[in-house]
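First residue of the sequence shown? That's 1 in UniProt numbering, and the numbers climb one at a time after it.
Heads up, some of the hints might be wrong.
Said to hold, decoys possible - DEER-style ranges, computed between Cβ atoms: (1) Y68 with G22: 10 to 20 Å; (2) R17 with L76: 48 to 58 Å; (3) H111 with F82: 43 to 53 Å; (4) T24 with V46: 27 to 37 Å; (5) T85 with P64: 20 to 30 Å; (6) V46 with T85: 42 to 52 Å; (7) E88 with L49: 30 to 40 Å; (8) A23 with P63: 16 to 26 Å.
No lab work stands behind these hints, which were simulated from the structure alone. Even glycine gets a Cβ: it sits at the ideal position worked out from N, Cα and C.
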Amino acid sequence: MNKLGSEFFKPIDGFERGVVGGATWRQVLMMLGIFLGAGLSTLIIVLGLPDILMYVMLLVTIPPSAIYGLKKDETLKELLRFKLTQQERSYMTDNEMEENRGNFTQAKGVHEWNDETL
1 MNKLGSEFFK PIDGFERGVV GGATWRQVLM MLGIFLGAGL STLIIVLGLP
51 DILMYVMLLV TIPPSAIYGL KKDETLKELL RFKLTQQERS YMTDNEMEEN
101 RGNFTQAKGV HEWNDETL
């Protein structure tokens, strides 16, 4: 189905059910990713490793798990597919005439008055 940027509601059957305490699998994986990132960054600090490793570890673990857990991956995937797909749209108009340079000039033989009424 080709969408032109419109959002449609998903059917009720498409909703995920709660697994652990009402949280879905996505939310559980998001929490695991956050705890893993926080734990590894704490371990890096305790071991006295450079701070840049901590920042890299946080960037590698937390944003992807948060994007997946909050279901932003679906909207991001749809947005990227819409932006990167080469699209050709045809629009129906009343006038099927080509636009040329000088369309606003009066054509020969056409007057603003009606000769029959004069």
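Evaluation of the provided hints:
At about 18 Å, the beta-carbon gap between Y68 and G22 stays in the expected band of 10 to 20 Å. Evaluation of the 48 to 58 Å hint for R17 and L76 yields a failure: the beta carbon distance comes to about 24 Å. Restraint check, H111 to F82: a C-beta distance of roughly 50 Å satisfies the suggested window 43 to 53 Å. Evaluation of the 27 to 37 Å hint for T24 and V46 yields a pass: the beta carbon distance comes to about 33 Å.
For the pair T85 and P64, the supplied restraint of 20 to 30 Å holds, since their beta-carbon distance comes to about 24 Å. Our hint of 42 to 52 Å for V46 and T85 holds, since their Cβ atoms are close to 48 Å apart. One distance hint, 30 to 40 Å for the beta-carbon pair E88 and L49, is violated here, with the actual separation near 53 Å. With their beta carbons about 20 Å apart, A23 and P63 fall inside the hinted range of 16 to 26 Å.
Checked against the numbered hints given earlier, this structure breaks hints 2 and 7; the rest are met.
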